Every structure is written in C-alpha cells, then in structure tokens.
Amino acid sequence: MSALTLPPYAQALGIEIDHDEAGEPVLRVDYSNRVAGRPGFLHGGAMSGLMEMAGFAALQAELDRRGETMRLKPVNIQVEFMRGGTEQLTFAKGTVTRAGRRVALVNAEAWQDDRAKPIALAQIKVLLIPAE
Amino acid sequence: MSDKPPSILPPGTRFDPSLAARMMTRHGHGGWLGIRYQDHGEDWVELALPWREDLVGIDGKGVLASGPIISLMDNATSMSVWTKSGNFVPHATLDLRVDYMRAATPGQTVIGRGECYKLTRTISFIRGIAHDGDPADPVAHVIGTFMATHGPYL
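Those protein sequences? They're chains W and A, same order as listed.
Everything in the first sequence is counted per my numbering, starting at 1 for the first residue and increasing by one.
Everything in the second sequence is counted per my numbering, starting at 1 for the first residue and increasing by one.
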C-alpha cells in the first residue's frame, strides 16, 4: 500500500482520500447503506475500519518520507467510541506517535461535521517487516 | 431510565439470535459484508464472514482486511449481550480491543464467536475470538464493553 492507493476493502466500502494535512492523509467515507449500523447510525466496525485505514495511510506516508519499504502487519487496535456517528460524511486521520525500526504506534481519530468533537479514537500497533 | 427493561419482544419470549440475525445481517454494513448467523448458546453467538476478494486489506495477497473482522466481532459480541439478557436492549459499543494473532487464510470463511461474560444494569462485558476453521488457532481475540442506552439490561 502506498500513501495514495487504498486496498480493495477501503475502495469497496467507499473510502476515499479527501486531502493531505501536513503529510498525513485525511480519509473520508460518505454515508451509505454499506456503512450503516443500527437505524440512523454509522456502524462501529465501519468507523473502526476507516480509522485503521487512516492509521495505515499515515504510517505509509511516514515510511515513504524515510525511504523505507516495509510490509505492515497489524498487531492490535483499541477503539474508543465516544459519540454515535450519524448519517453524514465521516472523516478520519492517523497520526504516527512512534515509528521505530520494528514496530509503530499510530493514533487515529474519526469525526463528522465538527472536528473538535471526534466520534471515535483508535490506537493501532503495527509490526514493520522489511520487504525483500 | 425506567426500572423495567424496555422490550419490543412479545411478552414471555426471549431474544432469539437465530431469528434476529436474519434481519440484522440482511441490511446495512453487516449485510454488505455478507455476515450470517452460525450458532448460539446461553451467552454466546457465532456469526460467519465468508471470504470475498473486495474485502482484502493492505497485505494485498488475498488476506481479509482487519476492518471486516472488527465488524464481525462487534456484531457477534453485541448479539451475545442480548442473548444473555434475553431481551433486545438498545446499546452502544463503548470500546473494543482486537488482537490479531495471525492473518486469516485467503479464501476461508472467518467465524466470529462473541461471548458476554458479565452483564450489569448498564454495562455489558464481552470477549470473543475469530477463527477460520480451528477455534484453537484463532485469527483474533477481542475484548470490550457495551452500554445500555435506553434503559437497563437487567
């Protein structure tokens, strides 16, 4: 995955790159039946999937800047759901907290119409495997 | 909040995940992913997520993305709460942690088994595993909590 191509899952779900913010891509997904959970609300799993993609994209962008080619392998993710996502556009952005040589810690957040009121936070740990 | 849990179920009946899953897996995100009912017990529910090419993740080699696995486990654990409580109590996921043991085998259906191991008035505690054939060799472990939003569980 390069910083600008999203994997099949992200594309199928309708996730797109909205814009770049200081080297970190902001992803977006439109509200549709594909991301709908309980009536009127965004599914928590879709929200998590979006944040995970934003986290991987931010990490990939950082590795690209360093000129390193790594395979990313998710170790775990912790998601905190803070508000119900409603039927509207959702954004997510990852922030690389620490990327060493073998493991990286990335935070991600998702928001809708008010960026100051995130709907969910995620902390993602990723194993970095040098590509042959 | 009222003292009695609200119920949309007919009087004297308990929440039945095999019936509910037919509706819940037909629409929305779960329906799009192709999640279907597999099995259930007193406090657990198993759902299945068939492999599909357009659900492949960053690995690019046919391995399912981790997002669909989170969704599978969110749904299975959520239904395990209603199964244990016997009632369809509206709730919201508070948090979910997923540990990925290994990549799911390309082409294999992933089974998500969610269990509610503790129910209080307002919070339910859940855990579960995802596997692709052998429960002793899981793809992922999850743990998390839900909160009843429109009246208590018990």
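If you are wondering where the hints come from, they were derived from the structure by calculation, not from laboratory data.
The structure displayed is predicted, hence computed values, not measured ones.
Treat the hints loosely; a few may be bogus.
[Unchecked claim] EDC-like, lysine to aspartate or glutamate: derived pairs with alpha carbons at most 16 Å apart:
1. K73(W) - D59(A)
2. K118(A) - D43(A)
3. K125(W) - E109(W)
4. K117(W) - D64(W)
5. K73(W) - E132(W)
6. K73(W) - D99(A)
7. K125(W) - D30(W)
8. K125(W) - E42(A)
9. K118(A) - E42(A)
Okay, the hints, checked on the actual structure:
{"no.": "1", "hint": "K73(W) - D59(A)", "verdict": "holds, 8 Å"}
{"no.": "2", "hint": "K118(A) - D43(A)", "verdict": "holds, 9 Å"}
{"no.": "3", "hint": "K125(W) - E109(W)", "verdict": "holds, 15 Å"}
{"no.": "4", "hint": "K117(W) - D64(W)", "verdict": "violated, 30 Å"}
{"no.": "5", "hint": "K73(W) - E132(W)", "verdict": "holds, 15 Å"}
{"no.": "6", "hint": "K73(W) - D99(A)", "verdict": "holds, 12 Å"}
{"no.": "7", "hint": "K125(W) - D30(W)", "verdict": "violated, 27 Å"}
{"no.": "8", "hint": "K125(W) - E42(A)", "verdict": "violated, 34 Å"}
{"no.": "9", "hint": "K118(A) - E42(A)", "verdict": "holds, 12 Å"}
Checked against the numbered hints above, the structure breaks hints 4, 7 and 8 and satisfies the rest.
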